[in-house]
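4 protein chains.
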Amino acid sequence: SVADFIAQNGGNIIHAEQHTDQEVGIFFQRVEFSLGGFNLEREKILPAFGEVSKKFKMNVSLKFSDENPKVAILCTKEGHCLYDLLGRWHRGELDGTPAFVVGNHTDLKNYTESLDIPFHHLPVSKETKPEQEDKLLKLLEAAGVELVVMARYMQILSADFLGKFKKQGGQIINIHHSFLPAFPGASPYKQAHERGVKIVGATAHYATAELDDGPIISQDVVRVGHRDSVADLIRKGRDLEMVVLADAVRAHLEHRVLDYNNKTVVFS
Amino acid sequence: SVADFIAQNGGNIIHAEQHTDQEVGIFFQRVEFSLGGFNLEREKILPAFGEVSKKFKMNVSLKFSDENPKVAILCTKEGHCLYDLLGRWHRGELDGTPAFVVGNHTDLKNYTESLDIPFHHLPVSKETKPEQEDKLLKLLEAAGVELVVMARYMQILSADFLGKFKKQGGQIINIHHSFLPAFPGASPYKQAHERGVKIVGATAHYATAELDDGPIISQDVVRVGHRDSVADLIRKGRDLEMVVLADAVRAHLEHRVLDYNNKTVVFS
Amino acid sequence: SVADFIAQNGGNIIHAEQHTDQEVGIFFQRVEFSLGGFNLEREKILPAFGEVSKKFKMNVSLKFSDENPKVAILCTKEGHCLYDLLGRWHRGELDGTPAFVVGNHTDLKNYTESLDIPFHHLPVSKETKPEQEDKLLKLLEAAGVELVVMARYMQILSADFLGKFKKQGGQIINIHHSFLPAFPGASPYKQAHERGVKIVGATAHYATAELDDGPIISQDVVRVGHRDSVADLIRKGRDLEMVVLADAVRAHLEHRVLDYNNKTVVFS
Amino acid sequence: SVADFIAQNGGNIIHAEQHTDQEVGIFFQRVEFSLGGFNLEREKILPAFGEVSKKFKMNVSLKFSDENPKVAILCTKEGHCLYDLLGRWHRGELDGTPAFVVGNHTDLKNYTESLDIPFHHLPVSKETKPEQEDKLLKLLEAAGVELVVMARYMQILSADFLGKFKKQGGQIINIHHSFLPAFPGASPYKQAHERGVKIVGATAHYATAELDDGPIISQDVVRVGHRDSVADLIRKGRDLEMVVLADAVRAHLEHRVLDYNNKTVVFS
Chain L
23 SVADFIAQNG GNIIHAEQHT DQEVGIFFQR VEFSLGGFNL EREKILPAFG EVSKKFKMNV
83 SLKFSDENPK VAILCTKEGH CLYDLLGRWH RGELDGTPAF VVGNHTDLKN YTESLDIPFH
143 HLPVSKETKP EQEDKLLKLL EAAGVELVVM ARYMQILSAD FLGKFKKQGG QIINIHHSFL
203 PAFPGASPYK QAHERGVKIV GATAHYATAE LDDGPIISQD VVRVGHRDSV ADLIRKGRDL
263 EMVVLADAVR AHLEHRVLDY NNKTVVFS
Chain A
23 SVADFIAQNG GNIIHAEQHT DQEVGIFFQR VEFSLGGFNL EREKILPAFG EVSKKFKMNV
83 SLKFSDENPK VAILCTKEGH CLYDLLGRWH RGELDGTPAF VVGNHTDLKN YTESLDIPFH
143 HLPVSKETKP EQEDKLLKLL EAAGVELVVM ARYMQILSAD FLGKFKKQGG QIINIHHSFL
203 PAFPGASPYK QAHERGVKIV GATAHYATAE LDDGPIISQD VVRVGHRDSV ADLIRKGRDL
263 EMVVLADAVR AHLEHRVLDY NNKTVVFS
Chain V
23 SVADFIAQNG GNIIHAEQHT DQEVGIFFQR VEFSLGGFNL EREKILPAFG EVSKKFKMNV
83 SLKFSDENPK VAILCTKEGH CLYDLLGRWH RGELDGTPAF VVGNHTDLKN YTESLDIPFH
143 HLPVSKETKP EQEDKLLKLL EAAGVELVVM ARYMQILSAD FLGKFKKQGG QIINIHHSFL
203 PAFPGASPYK QAHERGVKIV GATAHYATAE LDDGPIISQD VVRVGHRDSV ADLIRKGRDL
263 EMVVLADAVR AHLEHRVLDY NNKTVVFS
Chain H
23 SVADFIAQNG GNIIHAEQHT DQEVGIFFQR VEFSLGGFNL EREKILPAFG EVSKKFKMNV
83 SLKFSDENPK VAILCTKEGH CLYDLLGRWH RGELDGTPAF VVGNHTDLKN YTESLDIPFH
143 HLPVSKETKP EQEDKLLKLL EAAGVELVVM ARYMQILSAD FLGKFKKQGG QIINIHHSFL
203 PAFPGASPYK QAHERGVKIV GATAHYATAE LDDGPIISQD VVRVGHRDSV ADLIRKGRDL
263 EMVVLADAVR AHLEHRVLDY NNKTVVFS
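Protein chains in written order, with our numbering: chain L, 23 to 290; chain A, 23 to 290; chain V, 23 to 290; chain H, 23 to 290.
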């Protein structure tokens, strides 16, 4: 039916992928089509599609690939994920645009500004947290940010903030430096070292009110051994974190990730 | 000092490896030396070494590579790990000798016996468990078994059994079908599927009284995706389990594993 | 059109997957459907489908999942791949049936026969090769074998043999103990060691007249280091070879592999 | 003997590692020791050690960890490896100092200069190559550069240049975007796509006069499938190239790499 709708309006399907979750009985489909020759204007597509979507009780989301979603990055002191992401945008490897960077410390201010990206310093203490989250929310709203990336941001965003940003239509990706659900919370490499694991990992997931428990988008691992100290795990993990976070951000910005039931479908 | 002792007695060091755990201040060393030309008889080596070991407060263990440790394998219905291990012994890839196989079901009896290895059926219920563990202990003692391998044995051995077998000088390796410490306990693939992880793993560890919490010897992982059902995870995991368990058993039988503080040093 | 044809005849599509090779302009599709309620008898399906397939100039292949393709395994002295495959069939993990094993040595005869599978000894010298390949061809024909698996068979099958077996409708999968196209031909682990690579691999591919150059079905790798001797590479490689070969054989027997232009499409 | 020499002069061994290549009969050792309390001045250590080294016919190299080797980076248009390396230096993850960047195009000039690192534009044509290599050699000499990193530099350095820079005591690390020795030379991802491999890789090695044939320092791989176009391989490969090159550069700058017989020992 989706293909028919597109064909009847003169569209040309470039790529289509589907998936059925047999257990919960949900069908997922992602259709990429070209607007060249399409006989509906952009704002009329969704209304015209309403009949089809009503018939199958679909949740529909329509994105245009020439839209350029704004992204904000949160960081603290460790810069590898931030450098990596900004580098990718700078050389044109990632969709979207970095709108600004927010740090609760100023360590990464100079680097950010050297690439002509605004840096906001929002230091957070127990007392100032609600106030600072409010400021952040306003910055996000003002810039029209759709995606927040927590690039080793060592603070927990409140459920209140998460709810409000979600209402604005925003989503948040976090990188956790362990192979979740192993070692959630603080100091995962220290935990991993104490447990004596032979492999460590990194996990990029959507942030939810439950700490380190949101839908997983991307994971990767690297072997370690008894010779590796906590410092070695941290060093080896950094490369993982960069690559895993970038992988998740890219998939999200290419509209290839669907989340449901605290899981994700990541289309290819 | 170790090298001196060996050299002074005419021994020849073939391989030596050491490791220092800086945090707890323990020094580990594994020295392989040839007895050709050695001027001490086997049973006199440890007493003669006593002075050195006392001086440095060493824990010393001396093994002869022509000894052939006896191994018992516990299984239930799933045969892949058992087939794999017996195949490796049959073609001479593993040290030691499989003394016998114990199953709480009889599914794997025929295959075991086709390779001329004794199979004992010890069905376990809540009531019969102590009694059956007693029988098992006697079988192990009678055959002089030093290593028990739980090859997807879907029963938990009691702390009492573990303690007694340890007193006999025995050790137990278990394969858990997840990337521990993620998903301990029952149905790890089902748990992994529900959590929506993008990678699953397998972990071989020494069994301790704390379920799935013993020192990890070997781990490996494989990528999965949203298309993989629980059955797919089980299938993909089987190959991991075989290889990870065999890796741990080989390392153990080659006396390359030292466990301390609920961790392992695995020498190469 | 394919879906329409199935639907109109009362069939129910269970799984469908497609792929387009944009460069050469070929479209691939694999459709699994249930015959329950299908209103065409098995032998009438292909003729009835003729119209559709003619229209799109399709190459069509129809397989029934309750057919049980016969498989022959060729081996020499090294048994790990043979043991692994026979074990998988024995415990019901693989489609098809092992019809017989052929060895140019008798090392693996006892194990094969212990599982009640016939073993044929066909020793090969330069002189006897044509004659022995003839015997093999007759054995394959007599047993109705569709797939030959070279499980570390250290002989090269002649182009003549390959051609004749292909005419009988047969296909041949080989495991090469390197990450092809690196290190084709003899002693790949020795070559790898000399080159000082940091990773070694294994490759399962369809055998063609060009040595180690057929379409690749499956590959995997493992890390090695300067401490690893050739013997270590051989040992580490064995586990790879087993798993990679089994993966390729499984995909083939589940009719998930399409080969074209010396490449493969491996559906999931 | 090495340990004795250090101990007798009041030094304290921090880390020691050895390796024996049994085939060629070479023994390698790397000893890290602290100069705190050492009773020889820096320039007197090697002469004093002469007796020991003569006795065992050692090749000895002595490096001080507070020396800060100068590094030059060569690049063309693709910036991911350059960005990644400069980022690592900027945030203090790598030893050494980037002295300058040379490009045969100017695409990466702005980014380099935004981090306050000099950029030299040395365009290369068949005619100007000797002259430009001469200029490069002078730049390297003037800045006292010890390591040149070819960060996706799409030019081949002449044997003449390699010889002269080696005479100055310099070494050169190149990243090749394939799993060598598979797919040497131009367009490895295109070659890999045509061959239909299921895994692609990246290789960091010392540059020698023989193209893509120098001693391998680091390698890594990533899975690909029939859905991946050449563009997908390029994208997936970029993350590999960054991480593999950085790994090799780090090991080199920490003096952990020894090369001999066109191989490397990479100490941990």
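Worth flagging that the hints you see were computed from the coordinates, not collected in a lab. Check before you lean on any hint, since a few could be wrong.
Identical copies go unnamed one by one, so any copy, or any two together, can satisfy a pair.
[Stated by the list, open to error] 25 Å max Cα-Cα, derived DSS-like pairs, lysine-lysine: (1) Lys160 x Lys79; (2) Lys92 x Lys151; (3) Lys258 x Lys285; (4) Lys157 x Lys99; (5) Lys258 x Lys189; (6) Lys157 x Lys285; (7) Lys151 x Lys77; (8) Lys212 x Lys285; (9) Lys85 x Lys148; (10) Lys157 x Lys186; (11) Lys186 x Lys148; (12) Lys131 x Lys77; (13) Lys76 x Lys160; (14) Lys77 x Lys258; (15) Lys212 x Lys77; (16) Lys189 x Lys285; (17) Lys160 x Lys99; (18) Lys212 x Lys92; (19) Lys157 x Lys76; (20) Lys258 x Lys186.
We went through each hint and held it up to the structure:
Taking CA atoms no more than 25 Å apart as the test, Lys160 paired with Lys79 passes in neither setting, with 35 Å inside one copy and 59 Å between copies. Only within a single protomer do Lys92 and Lys151 lie at most 25 Å apart by alpha-carbon distance; the minimum there is 24 Å, versus 44 Å between protomers. Only between protomers do Lys258 and Lys285 lie at most 25 Å apart by alpha-carbon distance; the minimum there is 20 Å, versus 27 Å within a single protomer. Only within a single protomer do Lys157 and Lys99 lie at most 25 Å apart by alpha-carbon distance; the minimum there is 20 Å, versus 40 Å between protomers.
Taking the shortest alpha-carbon separations for Lys258 and Lys189, neither the intra-copy value of 37 Å nor the inter-copy value of 34 Å comes in at or below 25 Å. In the homo-oligomer, the alpha carbons of Lys157 and Lys285 never lie at most 25 Å apart, since the shortest distance is 30 Å inside one protomer and 46 Å across protomers. Taking CA atoms no more than 25 Å apart as the test, Lys151 paired with Lys77 passes in neither setting, with 46 Å inside one copy and 58 Å between copies. In this assembly of identical chains, Lys212 and Lys285 lie within 25 Å of each other by CA distance solely across copies; the values are 14 Å between and 27 Å within a copy.
With identical chains, the CA atoms of Lys85 and Lys148 are never at most 25 Å apart, being 39 Å at best within one copy and 48 Å at best between copies. In this assembly of identical chains, Lys157 and Lys186 lie within 25 Å of each other by CA distance solely inside one copy; the values are 12 Å within and 59 Å between copies. With identical chains, the CA atoms of Lys186 and Lys148 are at most 25 Å apart within one copy only, with a shortest distance of 20 Å there and 53 Å across copies. Neither within a single protomer nor between protomers do Lys131 and Lys77 lie at most 25 Å apart by alpha-carbon distance, with minima of 52 Å and 56 Å respectively.
In this homomeric assembly, Lys76 and Lys160 never come within 25 Å of each other (Cα to Cα): the closest approach is 35 Å inside a single copy and 62 Å across copies. For the homomeric pair Lys77 and Lys258, neither the shortest alpha-carbon distance inside one copy (51 Å) nor that between copies (38 Å) is at most 25 Å. For the identical chains of this complex, Lys212 and Lys77 are neighbours neither inside a copy (53 Å) nor across copies (33 Å), given an alpha-carbon limit of 25 Å. In the homo-oligomer, the alpha carbons of Lys189 and Lys285 lie at most 25 Å apart inside one protomer (20 Å), although the nearest pairing across protomers, at 47 Å, exceeds that limit.
In the homo-oligomer, the alpha carbons of Lys160 and Lys99 lie at most 25 Å apart inside one protomer (23 Å), although the nearest pairing across protomers, at 39 Å, exceeds that limit. Taking the shortest alpha-carbon separations for Lys212 and Lys92, neither the intra-copy value of 35 Å nor the inter-copy value of 34 Å comes in at or below 25 Å. In the homo-oligomer, the alpha carbons of Lys157 and Lys76 never lie at most 25 Å apart, since the shortest distance is 39 Å inside one protomer and 65 Å across protomers. Taking the shortest alpha-carbon separations for Lys258 and Lys186, neither the intra-copy value of 36 Å nor the inter-copy value of 35 Å comes in at or below 25 Å.
Against the hints set out earlier in the document, violations occur for numbers 1, 5, 6, 7, 9, 12, 13, 14, 15, 18, 19, 20.
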